[in-house]
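Trainee: Protein chains in written order, with our numbering: chain A, 17 to 667; chain B, 17 to 667.
Simulated from the structure, these hints should not be mistaken for laboratory data. Keep in mind that the hints are not guaranteed to be accurate.
Unchecked claim - Okay, derived cross-link-like pairs now, DSS-like style, lysine-lysine, Cα gap no bigger than 27 Å in a straight line:
| # | chain 1 | residue 1 | chain 2 | residue 2 |
| --- | --- | --- | --- | --- |
| 1 | A | K145 | B | K656 |
| 2 | A | K413 | A | K543 |
| 3 | A | K302 | A | K50 |
| 4 | A | K335 | B | K110 |
| 5 | B | K449 | A | K413 |
| 6 | A | K449 | B | K413 |
| 7 | A | K127 | B | K656 |
| 8 | B | K161 | B | K200 |
| 9 | B | K667 | A | K42 |
| 10 | B | K455 | A | K366 |
| 11 | A | K533 | A | K325 |
| 12 | A | K335 | B | K667 |
| 13 | B | K250 | A | K145 |
| 14 | B | K449 | A | K481 |
| 15 | A | K350 | A | K366 |
| 16 | B | K481 | A | K612 |
| 17 | A | K449 | B | K429 |
| 18 | B | K350 | B | K325 |
| 19 | B | K264 | B | K319 |
| 20 | B | K232 | A | K145 |
| 21 | B | K196 | A | K603 |
| 22 | B | K71 | B | K36 |
| 23 | B | K361 | A | K667 |
| 24 | B | K413 | A | K110 |
| 25 | B | K196 | B | K161 |
| 26 | A | K557 | A | K402 |
| 27 | B | K361 | B | K78 |
| 28 | A | K42 | A | K319 |
| 29 | A | K361 | B | K667 |
| 30 | A | K429 | B | K449 |
| 31 | A | K366 | B | K429 |
| 32 | A | K319 | A | K44 |
| 33 | A | K250 | A | K264 |
There are 2 protein chains.
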Amino acid sequence: MNDKIYELTDLIDRDLAESKYSFEEKQKLANEIKPLLSDNSIVLAQANPISGNVKYNALKAKKWIEWAELLCVKAVVFPETFLIGIPFGDYLVKFPVVAEECWEWLEALAKTTGKTKVIIGFVEFNNDKFGKKYYNSVAVLADGKIERIIRKTLLPNYSELNDYRYFESAPVDSANRITKINDKNAGIIVCEDGWNDFDFFDRNLYKVDPVETVVKEQHPDILINCSASITRAKKEQLKHNMLSFAAKKHSTPIAYVNQVGSADCVSYEGASRVYNKNGELIFRAKSYEEQFFIVDPFDDNGKIYPLPKGLEKTLNSQKAFTLDHEPDLERTYKTIIQSIRDYFKKTGFKHACLGLSGGLDSTVCAVLLADALGRENVFGISMPSKITSSTSKNDAKELAENLGINFLEVPIKDMFDATRETFDGLFASMENKWEFRYKQSFTNDNIQARARATILWGIANEFDKCLTIATSDKSEAYMGYATINGDMSGGYAPIADVTKTKLFALARWMNENREQKNAIPQSVIEKRPGAELAINPKTGKPLLAEEALMPYEFLDEIIWRVENLNQSINDMINVEFVYEKSEPVSKEQKLEWLEKFFRRMSTAIYKWSILPPAPIVDARSINKAEYHQPIVSAGINYKKTSFEEKLNMLK
Amino acid sequence: MNDKIYELTDLIDRDLAESKYSFEEKQKLANEIKPLLSDNSIVLAQANPISGNVKYNALKAKKWIEWAELLCVKAVVFPETFLIGIPFGDYLVKFPVVAEECWEWLEALAKTTGKTKVIIGFVEFNNDKFGKKYYNSVAVLADGKIERIIRKTLLPNYSELNDYRYFESAPVDSANRITKINDKNAGIIVCEDGWNDFDFFDRNLYKVDPVETVVKEQHPDILINCSASITRAKKEQLKHNMLSFAAKKHSTPIAYVNQVGSADCVSYEGASRVYNKNGELIFRAKSYEEQFFIVDPFDDNGKIYPLPKGLEKTLNSQKAFTLDHEPDLERTYKTIIQSIRDYFKKTGFKHACLGLSGGLDSTVCAVLLADALGRENVFGISMPSKITSSTSKNDAKELAENLGINFLEVPIKDMFDATRETFDGLFASMENKWEFRYKQSFTNDNIQARARATILWGIANEFDKCLTIATSDKSEAYMGYATINGDMSGGYAPIADVTKTKLFALARWMNENREQKNAIPQSVIEKRPGAELAINPKTGKPLLAEEALMPYEFLDEIIWRVENLNQSINDMINVEFVYEKSEPVSKEQKLEWLEKFFRRMSTAIYKWSILPPAPIVDARSINKAEYHQPIVSAGINYKKTSFEEKLNMLK
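Could you put together the complete structure from these sequences and hints?
Mentor: In structure tokens:
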């Protein structure tokens with residue numbers, strides 16, 4: 017395809033975002049583009065819907081369809097369930113009015129269609145006597161009518177996906193999945209329907225492969241997959257290899273349309289694409305941007321926009337823990353930026369406030385917020401206590417100045433003292449009635465963290481459309497090393513799925529790759545993390561996090577092994593950790609750290625349940641949108657016992 | 017069955033709970049009971065497992081099996097997935113070591129079995145090349161071996177149920193479901209497998225009815241359903257009618273074993289039972305207690321323990337909103353008591369602290385905590401501010417005295433003032449940078465609520481095994497009428513699924529039905545609720561909740577209609593509310609209240625996501641264990657628009 021097309025469709029993207037053009041201007045632009053298009057041109061509508069806001073989604077679809085019609089392309093293809101907006105939720109169960117509206121909007125859209133086929137995902141009622149209330153469907157609209165409806169067969173129900181909760185599985189019905197686009201037969205595939213190749217996967221979740229069925233029974237000229245597939249570490253590797261494999265295996269081009277945008281915790285990265293019948297990537301859209309992406313699936317000379325930097329490197333990498341986070345940093349950065357931006361936009365917030373401690377977590381959050389929302393919309397508050405070092409105070413200030421965000425310093429001494437005095441009287445009286453007072457406690461540490469959260473939530477109460485930000489990271493969330501109603505409290509938690517070692521790498525990466533270099537003071541990246549809430553009696557200095565926990569390199573590898581390999585203590589004790597390559601660790605020490613991990617993790621489950629929404633970034637996470645564990649399961653033993661021990665205990 | 021049996025098995029229950037007896041004493045008791053038993057006696061093991069704690073569950077099962085063997089009964093039947101402990105969670109996915117341990121414990125248990133058949137639920141690996149990783153299975157153990165394994169066919173995936181997330185559906189395989197008990201053929205049914213009768217339900221979730229298949233193909237003498245079915249409003253009505261219907265329809269007795277106990281948010285009420293082949297209830301175990309329940313499914317002269325008081329009345333009642341909560345109050349009370357008790361026991365907590373405001377919510381919570389944990393384990397703290405009335409202070413104190421719980425009064429004035437002063441300086445400086453400060457805000461209201469939560473969490477930090485209690489109720493949770501890091505913050509939220517009108521009824525009920533009468537001061541029940549956080553400028557008195565929201569009778573009916581009838585604004589505007597029977601409401605007023613409900617609800621979704629775990633009590637709830645709605649779906653329009661309006665908007 018002529019590169020000129022993409023220069024010109026960039027203008028369409030701007031119009032779609034900002035409604036820039038009059039009808040005449042649109043026609044003029046369309047007339048410039050039309051001569052450049054081949055007969056098989058179709059549009060992959062890589063668009064960003066809002067969950068449940070059917071009217072918004074329908075009106076957005078209409079704008080995209082209008083452009084497609086102006087260009088006289090043969091079809092415009094939207095992502096899965098676009099009209100209802102994925103991720104859907106239990107409003108489908110509780111408020112069927114949403115699905116009723118979705119159906120009516122689809123019918124209304126159909127009435128306005130002409131020659132350009134519109135292929136669009138929606139939620140359809142199942143009026144049968146059996147099964148779930150809905151189908152996850154894709155409609156083909158043309159000539160003022162609904163030409164056909166394709167219903168999804170494979171209904172994922174793992175991680176963040178809950179299709180089976182709402183939808184009835186439909187038989188593949190291959191004949192119905194074929195629609196004519198120009199003179200080609202296109203077979204419609206709905207997301208997961210394309211993810212069950214028997215040769216590609218070692219183990220399959222389902223016994224049917226709709227792609228194979230459609231190809232064998234209908235011999236389509238092309239497969240079109242309407243998707244909404246979230247970004248995760250290693251997902252691009254899987255997706256690229258699988259789609260390429262399937263196109264080649266079936267000797268059929270595959271056009272894959274992916275949603276873009278974020279919703280609460282899940283992020284879709286776009287990067288819609290086409291593979292030719294040899295499995296070669298011939299088109300790929302932008303990542304993390306809405307794009308009106310024109311492709312000709314039969315033209316090998318396509319446009320391939322780059323993936324986030326470094327990601328290509330991971331396409332063939334092994335599944336092994338590494339401290340080299342670099343190839344995943346731009347993706348991580350863009351995922352979080354998009355997540356913050358969409359969370360604010362879709363919930364109506366505009367401004368963010370956060371505590372700036374001078375530590376790594378709040379520093380990284382501040383940079384991300386400034387980039388996502390604009391520096392004028394971010395307020396960083398330094399809230400030192402008597403334990404806060406002057407380095408930390410200076411680092412917070414310097415960061416804010418570098419970023420150009422709003423900044424103030426507010427000592428919490430008075431709030432701390434008033435609370436401490438209230439507690440002194442109270443606890444002394446309570447002790448007489450309850451004798452089980454701790455000799456040592458975290459009470460003072462937490463007063464500081466809670467005073468800070470009280471200030472931040474006060475700001476959110478006092479200023480319009482302002483949201484408080486929680487700065488917890490993933491390593492510390494696993495360890496429950498965060499204060500309830502303190503640093504883990506907020507309206508959104510940007511880095512709760514980023515481990516500490518990756519955060520350090522991200523900080524360095526941002527210093528090198530943001531337009532403004534070195535916004536993060538070097539000392540923030542160099543100092544060892546600590547909450548500065550308590551003094552370590554052994555050193556007389558503020559307690560470091562690794563003193564309370566274990567080395568972050570070791571901790572992050574445990575997390576990785578748990579999430580990616582599902583290992584137990586028994587599995588981990590006998591393998592060499594990356595950390596051990598440079599620092600010898602005795603067997604006893606290793607077992608102690610492993611047991612500490614699982615012990616602390618077990619009591620952290622409650623904290624996970626009240627963590628604010630956070631972008632999912634990693635291959636797996638403890639984000640409550642994807643991971644559910646009963647709090648009462650704190651008694652699980654993560655170490656195997658032998659069969660003999662069991663028999664003995666039963667005696 | 018001879019009533020004497022139940023007097024004597026009460027002693028077995030005590031032994032199972034407290035390990036009271038030596039082996040000789042056990043034998044002596046067994047010898048007393050044995051002559052009273054018929055040949056077809058079996059034990060319904062209505063027991064309380066701990067999710068994920070396989071060792072605990074296996075050792076508990078062993079104790080029950082030992083008693084069954086001592087009595088030489090033909091079988092002992094445990095609930096669904098007893099060995100792993102329902103509700104399971106994603107630890108099945110993340111930590112397969114738990115399921116490995118489960119399998120080994122099952123094998124070890126099998127080795128120790130003798131003549132008494134053990135029928136017990138567990139989680140089995142699916143070693144097939146296809147499908148989910150596990151089966152939800154029931155094993156029949158006898159003579160030192162695993163005789164057979166029955167795999168569940170129907171896998172629920174609605175409300176709090178997530179079977180399909182973990183389990184592969186197995187074909188019914190009716191022949192394999194039959195095991196001999198004495199000389200009878202028993203067909204094993206696993207929970208949901210028994211909930212799909214084509215004649216009983218208007219609409220069926222699944223196309224197969226395993227009960228019908230087993231009956232038609234195998235003609236069993238009895239069906240045994242191993243269940244774990246949670247309690248909810250109106251569930252007993254459904255369960256009783258359905259089981260009775262199925263027994264009669266198939267002319268086959270049904271023995272139904274239900275789990276007892278609570279886990280986080282879900283509660284199983286026991287009340288295991290037997291219906292004879294005419295559909296008549298002939299046995300029913302205790303509710304909300306573990307029970308070693310001996311039954312003879314072929315003896316019509318069985319033992320029927322009462323349901324919670326009033327519940328029988330609801331068996332044939334219509335599905336309509338009512339302010340007469342009475343028939344559901346004992347069930348509500350017992351569900352919450354069991355939930356608190358098990359949450360504390362299973363997570364290792366012993367003591368609770370809560371704020372006592374003198375208002376209804378905290379008052380009801382205090383009574384429930386005292387009853388669940390013992391009054392000595394509860395600390396009520398009155399934390400008055402300058403808005404707190406002397407009535408409220410007196411009511412809090414009187415309540416604590418009546419209950420005999422620990423009590424102290426701690427004014428929050430100093431904490432409030434320190435915070436307010438910190439804010440004054442901060443906000444004045446901020447205003448220069450951020451011009452969008454509110455003229456009026458909730459900041460002062462929330463400082464009070466947050467200071468109180470800081471005190472309560474401080475107590476939890478300072479005293480061993482102490483948990484903070486959140487006192488939010490359901491009506492206010494729907495309206496987001498609760499303070500983040502304030503009254504909605506805590507380790508557990510006992511009444512978050514109880515609406516305000518039901519709470520009033522529950523308070524009255526507790527005053528009449530607890531051993532100690534009238535523990536709740538009359539004025540608490542009589543005064544109109546208000547958070548006492550702000551003054552209403554119109555009245556000069558503390559703002560009442562109904563002034564900020566709407567009449568609770570009206571609000572609670574909206575909630576009921578949303579949860580039970582899935583109604584939208586359009587559905588509700590034209591029906592008469594119970595409230596309207598005594599208080600005329602204009603159409604405009606009604607629409608205003610309805611729109612306010614949905615507007616406030618939309619912005620409360622975030623608060624639901626960080627509410628602490630709370631017992632599910634109602635037919636439906638917003639508890640995050642069962643209800644998931646994206647926070648970004650705040651833009652849903654809960655009012656239909658016409659097709660013409662849609663077409664116009666698309667022009």
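Trainee: Taking the hints in turn, state whether each one holds.
Mentor: Hints, one by one, checked against the model:
no.	hint	in the structure
1	K145/A / K656/B	holds (26 Å)
2	K413/A / K543/A	holds (16 Å)
3	K302/A / K50/A	holds (22 Å)
4	K335/A / K110/B	holds (17 Å)
5	K449/B / K413/A	holds (16 Å)
6	K449/A / K413/B	holds (16 Å)
7	K127/A / K656/B	holds (19 Å)
8	K161/B / K200/B	holds (20 Å)
9	K667/B / K42/A	holds (16 Å)
10	K455/B / K366/A	holds (18 Å)
11	K533/A / K325/A	holds (17 Å)
12	K335/A / K667/B	violated (52 Å)
13	K250/B / K145/A	holds (23 Å)
14	K449/B / K481/A	holds (15 Å)
15	K350/A / K366/A	holds (19 Å)
16	K481/B / K612/A	holds (19 Å)
17	K449/A / K429/B	holds (24 Å)
18	K350/B / K325/B	holds (11 Å)
19	K264/B / K319/B	holds (20 Å)
20	K232/B / K145/A	holds (22 Å)
21	K196/B / K603/A	violated (52 Å)
22	K71/B / K36/B	holds (21 Å)
23	K361/B / K667/A	holds (26 Å)
24	K413/B / K110/A	violated (42 Å)
25	K196/B / K161/B	holds (15 Å)
26	K557/A / K402/A	holds (12 Å)
27	K361/B / K78/B	holds (21 Å)
28	K42/A / K319/A	holds (23 Å)
29	K361/A / K667/B	holds (26 Å)
30	K429/A / K449/B	holds (24 Å)
31	K366/A / K429/B	violated (33 Å)
32	K319/A / K44/A	holds (24 Å)
33	K250/A / K264/A	holds (22 Å)
In summary, the structure is inconsistent with hints 12, 21, 24, 31 from the numbered list given earlier, while agreeing with the others.
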